[in-house]
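J.: The listed protein sequences derive, respectively, from chains A and B.
Position one of the first sequence corresponds to residue 816 (this note's numbering), numbered consecutively onward.
Position one of the second sequence corresponds to residue 816 (this note's numbering), numbered consecutively onward.
In case anyone wonders, no lab produced these hints; they're calculated from the structure.
No copy is singled out in the list; a pair is fine if it fits within one copy or between any two copies.
Here are the simulated BS3-like pairs of lysine-lysine, each with C-alpha atoms no more than 30 Å apart in a straight line: (1) K850 x K873; (2) K843 x K1211; (3) K912 x K1009; (4) K957 x K866; (5) K956 x K850; (6) K866 x K843; (7) K1178 x K1081; (8) K1048 x K843; (9) K1226 x K1046; (10) K1010 x K912; (11) K843 x K955; (12) K1009 x K1223; (13) K956 x K866; (14) K1196 x K1227; (15) K912 x K955; (16) K865 x K850; (17) K873 x K817; (18) K817 x K866.
None of the values given here were measured: they were computed from a predicted structure.
Protein chains: 2
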Amino acid sequence: MKIGLIIIGDELLSGNTQDCNMLYLGEKLRALGLKLGECQVIQDEIEVIKKSFTQALKENDITICSGGLGPTIDDRTKAALSEYLGVELEDSPHARKLALEHYQRRSLEWFPELNNYHMIPVGVQAYFNPKGLAPGLLLKKKDQQLLCAPGVPREFQSMVDHFFNSLLENKSNAARNYFTIRTNGIPEEQIFNKKCPTLWQTLSQFGNISSYPRMSGIDIVISDLKMTSTKMKEKLTTLPELHPIRNHVWHLGNGNIGELIIELAKQHNITISTAESCTGGLMAHLLTEVSGSSQVFFGSVVSYDNSVKKNILGVTQEGLDHFGAVSLEVAEQMATGVRNQMGTTYSVSTSGVAGPLGGSEAKPVGTVAIAIEGPSGRHSKTYQIPPIFDRDEMKKRFASRALISLFKQMKKDLSL
Amino acid sequence: MKIGLIIIGDELLSGNTQDCNMLYLGEKLRALGLKLGECQVIQDEIEVIKKSFTQALKENDITICSGGLGPTIDDRTKAALSEYLGVELEDSPHARKLALEHYQRRSLEWFPELNNYHMIPVGVQAYFNPKGLAPGLLLKKKDQQLLCAPGVPREFQSMVDHFFNSLLENKSNAARNYFTIRTNGIPEEQIFNKKCPTLWQTLSQFGNISSYPRMSGIDIVISDLKMTSTKMKEKLTTLPELHPIRNHVWHLGNGNIGELIIELAKQHNITISTAESCTGGLMAHLLTEVSGSSQVFFGSVVSYDNSVKKNILGVTQEGLDHFGAVSLEVAEQMATGVRNQMGTTYSVSTSGVAGPLGGSEAKPVGTVAIAIEGPSGRHSKTYQIPPIFDRDEMKKRFASRALISLFKQMKKDLSL
Chain A
816 MKIGLIIIGD ELLSGNTQDC NMLYLGEKLR ALGLKLGECQ VIQDEIEVIK KSFTQALKEN
876 DITICSGGLG PTIDDRTKAA LSEYLGVELE DSPHARKLAL EHYQRRSLEW FPELNNYHMI
936 PVGVQAYFNP KGLAPGLLLK KKDQQLLCAP GVPREFQSMV DHFFNSLLEN KSNAARNYFT
996 IRTNGIPEEQ IFNKKCPTLW QTLSQFGNIS SYPRMSGIDI VISDLKMTST KMKEKLTTLP
1056 ELHPIRNHVW HLGNGNIGEL IIELAKQHNI TISTAESCTG GLMAHLLTEV SGSSQVFFGS
1116 VVSYDNSVKK NILGVTQEGL DHFGAVSLEV AEQMATGVRN QMGTTYSVST SGVAGPLGGS
1176 EAKPVGTVAI AIEGPSGRHS KTYQIPPIFD RDEMKKRFAS RALISLFKQM KKDLSL
Chain B
816 MKIGLIIIGD ELLSGNTQDC NMLYLGEKLR ALGLKLGECQ VIQDEIEVIK KSFTQALKEN
876 DITICSGGLG PTIDDRTKAA LSEYLGVELE DSPHARKLAL EHYQRRSLEW FPELNNYHMI
936 PVGVQAYFNP KGLAPGLLLK KKDQQLLCAP GVPREFQSMV DHFFNSLLEN KSNAARNYFT
996 IRTNGIPEEQ IFNKKCPTLW QTLSQFGNIS SYPRMSGIDI VISDLKMTST KMKEKLTTLP
1056 ELHPIRNHVW HLGNGNIGEL IIELAKQHNI TISTAESCTG GLMAHLLTEV SGSSQVFFGS
1116 VVSYDNSVKK NILGVTQEGL DHFGAVSLEV AEQMATGVRN QMGTTYSVST SGVAGPLGGS
1176 EAKPVGTVAI AIEGPSGRHS KTYQIPPIFD RDEMKKRFAS RALISLFKQM KKDLSL
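Next up, chain A with everything else stripped away, as it sits in the complex (with noise of 0.2 Å):
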């Protein structure tokens, strides 16, 4: 079945707004056993619209479209179908319908008069918005499916989810798995040119390989799996291929680190708690952004100011004179403090210069001071990330290695 998508909006090709439905639909249809073939990102205007539909449903069996469907002049998308088709539009008691729950849901009045929400292109279905207020449009024309959905990211995927719901309802949708062996440390070209020349053939007898470089280093991902994960799993712990770079796999399977990390926890009754210098808040963040995190941890001291590192966190005043804010030292106290005060099984800090600011030549830009504290004691290092990073992403390459040092150290703790 071949699937396409149309994105439609100036904002997106102007630099205004970050798209996340092609992402969102990428992986609903990879989960799904489909695959999106390409996608096209336009501008709001009619005749290029019209243009994109005539190329999109020669190409593909299903098409879906993002964006256009709301109250302002800028939505043009179902103008543009309407044009396309030949067709005038109609009030349609099946979109008010739709409209009219779609307001009681927030429970708000619908105004026909303020959004035309009601009419729709003679020959088009209103479709079902499961989380907004605009209906989406359907069209049907033989063997083929042009699906509108308004481009606000919960109401395209909410939407997207009942279209291929429905859709796949009766047949098989044996998903297609994928499996995610994660490195850190060591760059693609010494992985698979040099360490472990044979890796990516004889890997390529378990799926489709591909290579990522991510903020936690290279992911090796394979996709279309012949076997289960588990099976999987078992192969790559004794694989030989794999042997040479063995130190720097940190986790084999899928899942981000914060979603490791408490699911971790939560089996062994841990409880974790941070204290961020130059990550600001991040780990916390990326901790709190996984659902029932609340049950393991509890919380983080953002000590960006010394004196917040003095007055809360116990450092003392000879360790940041002597050794400076971002010091093994300094590190080894903050994370000792917070621990103390909160009463955590683990917790892990950072200090470290994020930039453009605040280098020196003894610890430049990229300089980072990560410290562990649990069960075992204390462990702490230093790293040197490349100075070629923005601010954002120096603080995200920070905080993803120090909450990846604080996995491998409670995995080393439990013996796994």
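For this one, chain A is given, so just place chain B on it according to the hints.
T.: Same frame as chain A, now just chain B:
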């Protein structure tokens, strides 16, 4: 000048990776007074890439292509470009020189056989990569140019910067200005189709109008501004057509809420702290994304567990028992606690239910209590965000709402 973007990569279509290069290029071009006309996202198969090159080079003066230049088997852009041109790869001294430079910058040794970075299609130039290892590719064909850059965002971004900066060096680069009217608490259709029915038309005299729903509310953006930002702001301050929604406008101008708060604080020697329950560190993260924030942002206590609210912030057991953790009383105690602990001019706190778990009839998912303490005393309010968002989006809305409240209070206290 017609400009198009081709993004190559299965990982983007399969939901493995969030693209951010389109956003960057769109923003860059807009700032230069140029426009991104369209974007195609395609699979990394040679035939598909060739077809896309053919189409894009027919339509655009400049085509930027992202991805597929790395050292692994799934990097096929170079092969597709040589097939498209019908030429072989050749050993290029210029590519050798660039690769050597790229590796030396990171104090790494370059092994040509691990990555083939010295082999370039005949007639194509190797292109300097300011932040990565793989050289880019530049094809000049009559009046057309095709630049292939790596997909890794920092590499793509720095190469594109370099390319457009050289291209426009001697030309006018009159930046197209844009100006944002930022509102919250009122839906799009209420603004344009009810309260201010002539607003869109009136604003259209000043530039192109768009309306975008954001986490922080509806943004009305005027692009291709026909006057300076200062003049625009003056005009809008007294514009009668904007009057009916005056109370919903929280800022006239660009910049995100973190930048606006940090800038205002710097100007007026204000210091800030946060106490976060449901936002889990996100407020601190947003404020510390701003370079130089350490001058005015002292820190945050992320008090996810009630023990942390009591022990560090001094929230009373009575308050928790009597009103519950999600209450104005506890939010106020949190704001007072963190402000006392950190000694800042202002503090802001959040306590709420981000969901999907933890809601009750009295305090459903989406309830958030926000408190601010500052020179004019304590200000607190409970908000109810519709429970239609997932956890991630809910946290962002809570943080956004709290920071906007802080910003408004700061401006009010400063009589701005």
